[in-house]
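Participant: Protein chains in written order, with the working numbering: chain A, 1 to 291; chain B, 1001 to 1260.
It is possible that part of the hints are untrue.
What the hints assert, rightly or not - Distance windows between CB atoms, simulated:
{"no.": "1", "chain 1": "B", "residue 1": "Val1247", "chain 2": "A", "residue 2": "Pro121", "range": "27 to 35 Å"}
{"no.": "2", "chain 1": "B", "residue 1": "Asp1036", "chain 2": "A", "residue 2": "Gln158", "range": "37 to 45 Å"}
{"no.": "3", "chain 1": "B", "residue 1": "Trp1168", "chain 2": "A", "residue 2": "Glu140", "range": "46 to 54 Å"}
{"no.": "4", "chain 1": "A", "residue 1": "Val273", "chain 2": "B", "residue 2": "Ile1077", "range": "56 to 64 Å"}
Said to hold, decoys possible - Some chain A residues flagged as far from chain B (calculated, every beta-carbon gap over 10 Å):
{"no.": "5", "residue": "Asn100"}
{"no.": "6", "residue": "Pro105"}
{"no.": "7", "residue": "Asp137"}
{"no.": "8", "residue": "Leu159"}
{"no.": "9", "residue": "Phe257"}
To be verified - Cβ-to-Cβ under 7 Å is the rule here; a few derived chain A residues that face chain B:
{"no.": "10", "residue": "Gly70"}
{"no.": "11", "residue": "Ile92"}
{"no.": "12", "residue": "Thr102"}
{"no.": "13", "residue": "Pro116"}
{"no.": "14", "residue": "Ile119"}
{"no.": "15", "residue": "Val262"}
{"no.": "16", "residue": "Met271"}
{"no.": "17", "residue": "Val273"}
Derived from the structure by calculation, the hints contain no laboratory data.
Values in this document were obtained by computation on a predicted structure and should not be read as measured data.
Built from N, CA and C at the ideal position, the CB exists for glycine as well.
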Amino acid sequence: MNVSLTTIEPATAIRVPAFIEFQGASITYGRGEKAVQALAPTSLKVAEGEFVALVGPSGCGKSTILKMVGELLKPSTGHVFVAGREIGATPIRIGMAYQNPTLLPWLNIRDNVMLPLKIVPPFRQGYRAKRKTEYRDRVETLLDQVGLGGFGDKYPWQLSGGMMQRANLCRALIHDPDLLLLDEPFGALDQFTREELWAIMQDLWLSKKLTVLLVTHDLKEAAYLADRICVMSARPGRILDDSPVEIARPRTIDMTFEPDFVALNQRLRAMIVGARGGTGIVSHAPGGPRS
Amino acid sequence: MERIGEIIREKGASTALIIGVFVFWELFCLMAGISDILLPRPTQIIAALIQYWPAIWPHTWQTLYTTLIGFSIGVVIGLLLGILIGSSKLAYDTAYPLLVGFSSIPKVAVVPIFVLWYGAGTVPAILTAMIICIFPIVVNVATGIATVEPELEDVMKTLKASKWDILWNVSLPRAMPYFFAALKVAITLAFVGSVVAETVASNRGIGNMMMIASSSFNVPLVFAGLFVLAGLGVALYVLFSLIEQRVTGWAHRKTDLASA
Ligand SMILES: Nc1ncnc2c1ncn2[C@@H]1O[C@H](COP(=O)(O)OP(=O)(O)O)[C@@H](O)[C@H]1O
Ligand SMILES: [Mg+2]
């Protein structure tokens, strides 16, 4: 079940069947003395339409993986392919949402959600051509879907944290992305709001069938939402385990109390605790900057 | 309703304070028997203002337009430089310390240099007003642009937004409250710049008028000049505050919470 780890790939990699494929991709931040390897050479495949969760101790390079897929970061070694092309040249549309909703305070929720339509082609051209009413309907439909119907005219500061995060999800989805990158999107919410948003997220994914990469601290969240869970080691991150979640969909909160679910959770938990203790922060340069 | 009452109370308090200061000043001069060569009374100053108004008016106009021209040029240059410096991490890290250093130089010290280059007159006053405005604007705009949340930048970049898209949709609107805060500082500083330049090297403007009045011991006229400057400064400050409230009301949401 383990994914191949430290394989050195040939310089010219070819033929990529998976939607996302890491071929021995590693990331080293900084240079010389201060160089820190955040991610050990990693190989990983994600199929189109798959929902994959990344879990692991903090500072192990989960966000770094998302940034590579989102073309914000080039691998220091190895290759990352998305939709058959090396990153930097991929033709797909990507949506991204962080824990910090970063809604623009000077725009109401509708205009906040509409932001990607001003930027991403072909919507961009439509926006110029004043197809705004059509886009408004589009936004309104999506807002309805996440339970924010009628909140389009409100400003971000008038919304609760959970509502802002819903709007943030809408902003990441409005331009019909092929790939959704979520970096601990529900991390700052209370338990009940979080569970509500899991259900919404699952519905969205089931209706749109897009590929999702989710980074999370919450094992229950990973098991509720994902098709597959990748467990990572402490820095420099490696994928220690890659397990499918064999629980039927649509999943419900009640299912999270069933034996299968609980057993999966416990197994993941043991692995992460091991990863933290084994090669974790403690054995790394004492007194040095901690992550 | 409650809010209107509050405004009246606030404005009422500051009006009362101003009137109080003037009354105290008047009474103090009268009772202590201070000569109007040293410190004229407010009533004498207002009388001078009315008496000399035909002579004061051209100087007022001169000072106002030199200040506004210098201010406008300074704002444009400051805004562009601020965008440039704020948009690039390298430029921000290298130029910011330099800017802080420059802004601590007393800008009026450059007046003699401008006089050397352009001769006495309107140009040095415009340039002094300009140079004195640039720094607060550059620093504020650069700060506003450079402090965009990195997460938001990531979101924009994954949308394959161009630098221009990010600037137009995110960074510039976000820098607006910083920009307006700087404008209010800059307009008052611009008056300092132009008046000092007029005092040193011009035969027109309120600064020059005050110089001449003081050399002929027409002290009420000197103070009348001060009053004119204060009036102009306050008027422009209020103007920019009003524009600020319209444009960047979102940044002061606490105050419109009650009206929403
Ligand atoms: N821009 C950066 N410069 C230097 N080090 C970084 C940078 N970004 C992340 N790191 C380091 O790389 C490691 C992995 O970071 P990250 O991917 O954010 O971890 P996480 O799994 O918590 O999301 C951390 O130890 C972090 O300190
Ligand atoms: Mg992270």
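Participant: Look at each hint and say if it fits the structure.
Facilitator: Okay, the hints, checked on the actual structure:
| no. | hint | result |
| --- | --- | --- |
| 1 | Val1247(B) to Pro121(A): 27 to 35 Å | 30 Å, holds |
| 2 | Asp1036(B) to Gln158(A): 37 to 45 Å | 58 Å, violated |
| 3 | Trp1168(B) to Glu140(A): 46 to 54 Å | 25 Å, violated |
| 4 | Val273(A) to Ile1077(B): 56 to 64 Å | 59 Å, holds |
| 5 | Asn100 | 5 Å, violated |
| 6 | Pro105 | 5 Å, violated |
| 7 | Asp137 | 21 Å, holds |
| 8 | Leu159 | 12 Å, holds |
| 9 | Phe257 | 34 Å, holds |
| 10 | Gly70 | 4 Å, holds |
| 11 | Ile92 | 10 Å, violated |
| 12 | Thr102 | 4 Å, holds |
| 13 | Pro116 | 5 Å, holds |
| 14 | Ile119 | 5 Å, holds |
| 15 | Val262 | 34 Å, violated |
| 16 | Met271 | 29 Å, violated |
| 17 | Val273 | 29 Å, violated |
Going down the numbered hints, you'll see the structure goes against 2, 3, 5, 6, 11, 15, 16, 17, while the others check out.
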